Every structure is written in C-alpha cells, then in structure tokens.
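J.: One-letter residues, chain by chain:
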Amino acid sequence: MKSPLAALFVREFAIARRIGGGGSMGVVFLLVLVTIVPFAIGPDLNLLRRIGPAILWIAALLAMLLGLDRLFQADFEDGSLDQLQLGATPLEFVVFVKCLAHWATTALPLVVAAPLFGVLMAQEAASMLGIGVSLLVGTPALTFIGAVGAAATVSLRRGGLLMALLVLPLCVPALIFGVSAATAASGGTIPFATPLAILAALTLASGALCPFAAAALLRRLGE
Amino acid sequence: MEAVDFALSDGQALILSGPNGAGKSTLLRAIAGLLPLAAGRLTLDDDSEEIAASLHYIGHAEGMKPALTVRENLDFWSSFLSRESAAAALAPQDALTAFGLAHVIDIPAGYLSAGQKRRIALARLLVAPRPIWLLDEPTTALDVRAQAALAAVMARHRAGGGIVLAATHSPVGLENAGELKLGTVA
Amino acid sequence: MLRFANPSFVLRFAARAIPIFGALAALLLAVGLYLVFFVAPADYQQGETVRIMYIHVPAAWLGMFAYMVMASAALGTLVWRHPVADAAQKSAAPLGAMFTFVCLVTGSLWGKPMWGTYWVWDARLTSMLVLLLIYLALIALWNTIEEPQRAAKAAAVMTLVGLVNIPIIKFSVDWWNTLHQPASVFKTSGPAIYGSMLWPLLIMAVGATFLFLALHLMSIRNEILRRRLDRLTRLAASANDMPRTARFEAAQ
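Protein chains in written order, with our numbering: chain A, 1 to 223; chain B, 1 to 186; chain C, 1 to 252.
Chain A on its own, in the form it takes in the complex (with noise of 0.2 Å):
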C-alpha cells in the first residue's frame, strides 16, 4: 500500500492531468502576456532585451495565480477536505504535499516555457537559461505564499480576485530577487548567485512556514 502523501501526491497529479487545464491554460495565458507587451510598448527588439526577463517573470506570476485560487476550493466543496482532516497524516503535509503537486502541474510547464517564449523577447542564450533557473527556484515560493491566499478565500466563490489581492503584494520579495538574479545571468553589476541565494531562502522559507498558516486556516474554516 502506498504511504498517505505518495497516494495524495499521484491523485492530485492525476487529477490536474484529466481535467487539463490548470498548467497548459497557464502556458498560453504566458504567451498571451507576452505577445501584447510589444503591442503596448513597441517592437523595439533592444528595448524588449532589456526588460524581457522583467515581463517574463510578472507574466509567469500572473499565470500561476490563475488556477491557485482552486487549490483547496475542490477539496472543500466536494467534502474531501474533512476526509483529509481525518487521516493520521498531520493537514500540515497534505498541504505541502498539494502544493509540491500544484507546483508540478502549473509551475513546472512554465519554467519551462517561459524561456522558449524569451525568443519572442530577444534574450540570448545565457539570459534563458536565467530565466528557467531563476523561476525553477522561485516559483515554490509563490506556490507556498498563494496556498496561504487559496485558504483564505476557499469558502468564497469569488475568491479568485480577492486571492490576488491578498497574495501579490507578499510575492514582491520573490519578484525581485528573481528578475534581478533573471537579469544577472546575461551580465550585469551582480554575480548571479548572489540574488539567487536569497531566492532559494526565500522558497525554502516559505515552504516551511506557509503549510503551517494555509492549515491553520483551512481547520479554522467550520467555526
């Protein structure tokens, strides 16, 4: 028999993977972000070298709020959120154990993609491989930081925006130290490693902490 967070992990990977959705609908809301940048702002190709991996990485924010609102909601509205409570695993690890499997499904695709789509913003080679490794180790922390967001709002169905609000101004950190180490990569005053490391505090900060508040109020959620 499998152990409680291995069987969580392979539903909820299997889940995200039969409704589709949630990571491919993020990839093309990347490239859309993308694509009407130039529109706004101009086809000036050294223009958009310079604040490519900028954009990428507001857009790759912006794509990963899109399903994160869902992390928990399914759960609560289906009643396996009381179930899960039940388990002799602590809501502490099922929650980490949802975000690692929301991470795989809707940030892993746009790590990847996100630097393919830095052709359409004229990064060289050096300055894509930046933006996959800063956004590999940056984008736990926004998962971790957006469970907090998702438990908050689980019981409202209209969570979504508020969810936003409330966890977008707490991803800054994340933000600047991921486009500085982004930008760092193709030259620049700073090591790349030094934005980086901090980067990297910040997601294993974040992931020991987070599971913490997110169940806290995921149990607080009957009274």
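Incorrect hints may appear among the rest.
Label-pair restraints from in silico Cβ distances [as the list claims (entries may be wrong)]: (1) A/Glu124 <-> C/Thr178: 24 to 30 Å; (2) A/Ile51 <-> B/Pro36: 29 to 35 Å; (3) C/Leu11 <-> A/Arg18: 23 to 29 Å; (4) B/Thr140 <-> C/Ser172: 32 to 38 Å; (5) C/Ala30 <-> A/Ala201: 55 to 61 Å; (6) B/Ala152 <-> A/Ala208: 44 to 50 Å; (7) C/Ala30 <-> A/Leu116: 27 to 33 Å; (8) A/Phe93 <-> C/Leu109: 30 to 36 Å; (9) C/Leu229 <-> B/Pro171: 21 to 27 Å; (10) C/Ile168 <-> A/Gly188: 38 to 44 Å; (11) B/Ala114 <-> A/Leu161: 30 to 36 Å; (12) C/Asn143 <-> B/Gly115: 49 to 55 Å.
Hints were generated in silico from the structure; no laboratory data involved. Since the structure is predicted, the reported quantities are computational estimates derived from the model, not experimental observations. All residues carry an ideal CB built from backbone N, CA and C; glycine is no exception.
Fit chains B and C to the supplied structure of chain A, relying on the hints for placement.
T.: Quick look at chains B and C alone, frame taken from chain A:
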C-alpha cells in the same frame, strides 16, 4: 447548543434524532474534530491513539473526484485513511459489491447518479477499517435495496465490535440502538 | 449534403476517404519535396534558405484555411445544431493551431539568417501569432466546458466573433508595425515568383491541404466515437439495478 453526555462501548449504536437545526450535524462534526468543542471533551478508553484517526465521518458531500474512476477514488482513501493497526481492509471491488455497485468500478465518479455516489462514499467505510462510524443522514438518496445493504454492513461492523453513531430523521436499520433526542428542550 | 448530418454516414465516408486523402497527401508532398530540394532554384538573394518558404507558405495558408473550415462548422452548429458540425468545429482547432505553429516556427527559422535573430515583430508573423492565440483559447474553451453541446455553442460564437475580428486584428497589427518600424524593416512583398518556384509551392500547398483533410476526418471520426463511448459509459453506470445473480450470469 445544549449539553450532551453519552458513552458507547464496543458493538453499540446511537441514533441522534431531532428536528432540523437541532444540531445533529454539528455534534457529529465536533466529534470528528472538524469543529471545535465549546466545552467538554471526548475520550477513547484506550488512549492509544488520536480520536480523529479512529473514526469515519460520512457527511453530506461525498469526497469523490469526478475525474477519477471509482477504483482510483477508493484506492486513494484506502491509502490515506488506513491505519497500520487496522484489521484487513476490503479491496474496492469487494466494498462496492457489498453495496451492489461492483460494475461501476472503472467508471469515472462524475458519471454516477446521486444515489450511486452516496453508496461509494459509504464503501469508503469498508476500504479503510476504523472502529467508530459517524454517519450524517446516511440514507439520503438511497433506494430500499441500498438501505438494506447499508443496514447489513452496519450490523456486520457492530458484530465485529464497531461503534455506529448516526444522525437521521428516518429509520436507518440499526437494531438495539440507543436514541439521543436533540433540540427537545426548546 | 444533408447526409453529412448523419454521424453513421460520416463514419462510413471517413473510412473510405481517409486512405485516399492520406495517399494523395503523401504522394503530393513527396513529389513537392523532391521538386523543392532538387529542382527549384536557390534564390539569388536569400540562397538556399528560400526553400523554407515551401513549408512556411502552405502552413500559413492552412492555418487560415482551418479557421474558415472551423467558422463554417460553427455556422452549422448554430443554425442546424448538429453534432457532426460540433465535431468538425472541435477537430479543426488543434489542426489549425498546429499549422499556424509550423508557420511561426519556419518563419522564425527563415528570419534568423534574414534578420539575425529568430524573432522580430514582423507584421505578418505577429498576425499569425495572434491567430495561434485565438486557436489556443478555443481549444482551452473546448477542454473546459464538459457538456459537449454547450461547449460547441460557446466555441461557435467565439469562432465567429474571431472571424469578424481577424481582418481588424490584421489591419491593426499592420498599422502598429509601420507606426513603430519605418522603412528599414525587411519587407516580405518579396521578389516575383517564377514558374520554377511556383509549381513546387502549389504542389506542396495542395498536398498539405489533403493532409489537413485526412487529419480532420480522422479527428472528426474520433470525436464521434468519443461521444458514443461517453453515452455507453453513462448507460453502463446507470445499469445498476440489475439483480446480482443476473449480473453474475452476464459476466460468465
């Protein structure tokens, strides 16, 4: 919420009755640990384990994912809710047979009717054995035959030393069960 | 034409037409590729890279052709409400997206030696990119709405809105492009096409069209079968009140 006090031992059953809004569901959820108790406490005689991990709660929602097949749903809950120390769990196939639903095992849960979904939620009782069953209106959407199947399953559970606590308006087929009337004071 | 409203007829037609269309596509594309690589001359300005055009242009053409097919099917959905029109509509979207994507990739590869970078926001390519986005959004719509009839109606309306919008998008993108990039841009108005280039191009285009038709029919067939399977699954799920003994015998 009024004060209640009761004790149940192996093989016993208790029916919570009372008008709508009397707090039957609230009491069950509080026992399950899904709601905090305003005052008082719940204890198991052998303090070996946490109370939440030794009970099943069947509420109004089924906790089944429409995109997954019935087997995948039950397999997951079996893995997630089973305890090391528990008696051998039934395979999903056998648990479904007990409720006359073996033929839907490979069909996505989203295709099933309300009554079928209800029975699959009840099959969860069998794939992850736990001694205490908390059932909130378990006969909702069940036809006569399914109700008989549920009664048989509950009788077998009690014969094996299990405890059943059911909140209901209608008879659920529990023999020799105590009854706790809620909301009669008002 | 009315017979095409009957799913069983469409299945029979597909069984006969798919091999023919497939064979025609294979033959024409083989001949076309031979001409492209061994007969057609290299361009005096662009050299060998001009051969990308023989893939790029048919792909662009089919990317737009697929939209016309999808829009006609959308009319069929809205006016006659027929499931075969739904299936034709649903099947055209991924194919159109694929051809548009091929057009973008080849355009980008063609652009590298021309512009020195894989992508410039050239008006034509950018319009094709917007077309790809429309396709992808429609595919997402199909995937999100579970009930097929409702999905078909929503997709049909969106397709027709897109149809009206595409010329406007094209015009706006042209305007945006000339606004930002005056004369210095590479203009694809290009050299006149000679016969030695035109014939391979036409053969490739017709071959690609047959490829589209074969794939479209295969996809429509899959969609019809998928709906039947769905219906059967529902039937199987609701057949629960068979007595247990009867079920046992049925299983023997």
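J.: The structure should be examined with respect to each hint, and the outcome stated for every one.
T.: Okay, the hints, checked on the actual structure:
{"no.": "1", "hint": "A/Glu124 <-> C/Thr178: 24 to 30 Å", "verdict": "holds (28 Å)"}
{"no.": "2", "hint": "A/Ile51 <-> B/Pro36: 29 to 35 Å", "verdict": "violated (51 Å)"}
{"no.": "3", "hint": "C/Leu11 <-> A/Arg18: 23 to 29 Å", "verdict": "holds (27 Å)"}
{"no.": "4", "hint": "B/Thr140 <-> C/Ser172: 32 to 38 Å", "verdict": "violated (57 Å)"}
{"no.": "5", "hint": "C/Ala30 <-> A/Ala201: 55 to 61 Å", "verdict": "holds (58 Å)"}
{"no.": "6", "hint": "B/Ala152 <-> A/Ala208: 44 to 50 Å", "verdict": "holds (48 Å)"}
{"no.": "7", "hint": "C/Ala30 <-> A/Leu116: 27 to 33 Å", "verdict": "holds (32 Å)"}
{"no.": "8", "hint": "A/Phe93 <-> C/Leu109: 30 to 36 Å", "verdict": "violated (48 Å)"}
{"no.": "9", "hint": "C/Leu229 <-> B/Pro171: 21 to 27 Å", "verdict": "violated (41 Å)"}
{"no.": "10", "hint": "C/Ile168 <-> A/Gly188: 38 to 44 Å", "verdict": "holds (41 Å)"}
{"no.": "11", "hint": "B/Ala114 <-> A/Leu161: 30 to 36 Å", "verdict": "holds (32 Å)"}
{"no.": "12", "hint": "C/Asn143 <-> B/Gly115: 49 to 55 Å", "verdict": "violated (29 Å)"}
In summary, the structure is inconsistent with hints 2, 4, 8, 9 and 12 from the numbered list given earlier, while agreeing with the others.
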